Amino acid sequence: MKRFLGLRTYTLVYLAFLYLPVLLLPLFSFNDGTIVAFPIKGWTLKWYGQLGAQDTLVQALMNSLVVGGLAALLATSMGLFAARSYVRYRFRGKKVSEALVMLPLVVPGIIVASSMLVLFISLGLKPSLTAVILGHTFLALPFSVSIMKSAFDDFDVSLEEAAYDLGSGVFETFRRVTLPMVAPGIVASLLVSFTVSFDEFVLAFFLSGNEPTLPVYIWSQIRFPAKLPNTLALGSLLLLASVLLLVVAEFFRRRSTKSLV
Amino acid sequence: MTETNIIEMTGVQKRFGKFMAVNDLTLNLREGEFFSLLGPSGCGKTTALRMIAGFQEPTKGQISIDGQDMQGIAANQRPTNMVFQSYAIFPHLNVGNNVAYGLRNRGISKSEIDQRVADALEMVELDGLQSRGATELSGGQRQRVALARALIMRPKVLLLDEPLSALDKKLREQMQFEMRRLQRSLGITFVMVTHDQYEAMTMSDRIGVMFEGKLVQVDEPATLYAKPSNQDVASFIGEMNFLPAQVTDEKDGSLVISTPCFDGMKIEKNPNATTSGANILVGIRPEQLEIAVEKPDGYDATFQGIVSDVAFYGENVHYHVRVDGVEKPIAASVPNYFHTVDFRQGDTVWIGVHSASVIALRQDEK
Chain A
13 MKRFLGLRTY TLVYLAFLYL PVLLLPLFSF NDGTIVAFPI KGWTLKWYGQ LGAQDTLVQA
73 LMNSLVVGGL AALLATSMGL FAARSYVRYR FRGKKVSEAL VMLPLVVPGI IVASSMLVLF
133 ISLGLKPSLT AVILGHTFLA LPFSVSIMKS AFDDFDVSLE EAAYDLGSGV FETFRRVTLP
193 MVAPGIVASL LVSFTVSFDE FVLAFFLSGN EPTLPVYIWS QIRFPAKLPN TLALGSLLLL
253 ASVLLLVVAE FFRRRSTKSL V
Chain B
50 MTETNIIEMT GVQKRFGKFM AVNDLTLNLR EGEFFSLLGP SGCGKTTALR MIAGFQEPTK
110 GQISIDGQDM QGIAANQRPT NMVFQSYAIF PHLNVGNNVA YGLRNRGISK SEIDQRVADA
170 LEMVELDGLQ SRGATELSGG QRQRVALARA LIMRPKVLLL DEPLSALDKK LREQMQFEMR
230 RLQRSLGITF VMVTHDQYEA MTMSDRIGVM FEGKLVQVDE PATLYAKPSN QDVASFIGEM
290 NFLPAQVTDE KDGSLVISTP CFDGMKIEKN PNATTSGANI LVGIRPEQLE IAVEKPDGYD
350 ATFQGIVSDV AFYGENVHYH VRVDGVEKPI AASVPNYFHT VDFRQGDTVW IGVHSASVIA
410 LRQDEK
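Residue numbers (the working numbering), protein chains in the order written: chain A, 13 to 273; chain B, 50 to 415.
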């Protein structure tokens, strides 16, 4: 085992470098002082307590929930059908289409954001929550498609054929067999898409106009040192929510592949 | 068994791009028979079945079921139901709901559905398992559920796609008998696709043998075994020794042939094979050969050889015997009762053959 000691240290340092800064955020959100520096002056929950009283914050949270919810619904419903056709059928341009769907994962956010802004304005759509919803749907689609693809991968085609053979039409087969079979995948995709949207900053910053989502609101608050601890508290809650959502999503994603043996 | 045709396939062809999956298939299936489509994988038998089911449209030709042309009629409108190779049990539904699937949403009362589900499960000996989860079933139970789910629809034809291939040997043999019994008691036409010759022979009234998209021979199992129409069928169904033969004389019903093993034997013509010309091929089943130390009496031909291989099968012992002038060793299979003689590798033995055991086959071009 001695041979691997170097590698193990490297891994530990790597993980610490990656996650310790993230953990600092929640840590200082409990600090009884406005300056973000050691030593910690004392422990308090007051920064959390003050959050609910800030109307603009609550409004930003509502905006984020609406955007996240609608973007998740749009991305998942599109992902569901796209994934089914990718897994089931062979057609001209399939590879290209799959690559295009995955593109948002690698295109720099700032490029997407500025081009969408130009596009939307030229189409007459002013920066607004609607614009953010459309942008976030685009960003969440690759996640939704890959989750739904894994849900369809182990789905035996003859199940749909059997339903058809037993007298169901196309829609009844979808409702009585396909949909219940991929339901866990749908839940996972909804949760992941929602999280992608909920945490997204760049697109929201460009497209939200004067209706900020939560990350945009946090960014605007960072300029005010007195409000920094509040922002830290808010950020910590956001972090917690994201982690929880992803854990639940992973649970459903695993269930979706397991149940289909 | 009536002689009414329930399915008539005329000149049916299925092409996938350049690949001809089914080529000019003409086949009539009788009402109430157990019919098997037998052939090696990729011979087009499953495609043929899926065209009857309506999952695939023929490129050419016509399929009619119960006198009605099936062109343009989708799978969910056809009077057929299918048992899938994977069984396709809906994993999100319990046994009762799986079996009831095709009756739901069809305006049938709940009490009637419950009654028919109970009857169907009793028929496949799964009484009372309605609430069992689909994922808690054994392989054999899954097959029974798939059968019940299809039969509850009261199809005119039940289609079975390799229904036993997922089961282990013991269970497979048991299900062969049960499915046969079920088919007889229901009187529904069963069409089964299989690559297993024994399965096809034990279960079917008639078998259609397919090779490379073509239907080569349709006959009852015993006829198929005794009078195969060519070398492919003969070697696919059971084992067969092949010998090249020269026709020295031909009279109305018979041929006089000479082979490397024996000369001047008079054999019957095979009604299923065209054996024209001077050079033909004959086949002899291994179990119809006598193998002995002394020259055996009462045979139409005897010849000598040397044992090159012995394989003990339990109920039979298989010998391979090398004979001068014959390329492959002659296979002879001897039943194991009393176990009188025990030949060893290198022994010189006599082989006896009746002329009735020699089947004339067409000389293949290859």
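To be clear, the hints were calculated from the coordinates, so they are not data collected in a lab.
No experiment lies behind these values; they were computed from the predicted model shown.
Please note that a few of the clues may not be correct.
[Stated by the list, open to error] Keeping only pairs whose Cα atoms sit at most 27 Å apart, straight-line, the calculated BS3-like set for lysine-lysine is:
| # | chain 1 | residue 1 | chain 2 | residue 2 |
| --- | --- | --- | --- | --- |
| 1 | B | K67 | A | K106 |
| 2 | B | K344 | B | K315 |
| 3 | B | K377 | B | K344 |
| 4 | B | K318 | B | K263 |
| 5 | B | K67 | A | K107 |
| 6 | B | K67 | B | K315 |
[As the list claims (entries may be wrong)] Covered stretches of chain A (in silico footprint by chain B; criterion: 3 or more residues with CB under 8 Å from a CB of chain B, positions within the stretch not fixed):
| # | stretch |
| --- | --- |
| 7 | 47-53 |
| 8 | 62-72 |
The C-beta atom is built at its ideal place from N, Cα and C for all residues, glycine as well.
Quick one, are K344 (chain B) and K315 (chain B) close enough, alpha carbons at most 27 Å?
Cα-Cα ~20 Å, so holds.
Tell me if the straight-line CA distance from K67 (chain B) to K106 (chain A) falls inside 27 Å.
Roughly 22 Å separates the two Cα atoms, so the pair holds.
Within a Cα-Cα threshold of 27 Å, do K377 (chain B) and K344 (chain B) meet the stated pairing?
Answer holds: K377 (chain B) to K344 (chain B) is near 22 Å, not above 27 Å.
Hey, K67 (chain B) versus K107 (chain A), does the alpha-carbon distance stay inside 27 Å?
Cα-Cα ~23 Å, so holds.
Within the assertion that chain B covers the stretch 62-72 of chain A, do at least three residues meet a Cβ-to-Cβ distance smaller than 8 Å?
Check failed, 0 qualifying residues.
K67 (chain B) paired with K315 (chain B) [C-alpha distance capped at 27 Å]:
The hint is violated at about 46 Å.
Per the coverage rule (Cβ-Cβ under 8 Å, at least three residues), is the stretch 47-53 of chain A covered by chain B?
That given contact is violated, which follows from only 0 residues of the stretch 47-53 of chain A lying within Cβ reach (below 8 Å) of chain B.
Has the given pair, K318 (chain B) with K263 (chain B), been kept, meaning a C-alpha gap of at most 27 Å?
holds (24 Å)
Consistency with the previously given hints fails for numbers 6, 7, 8, ordered from lowest to highest.
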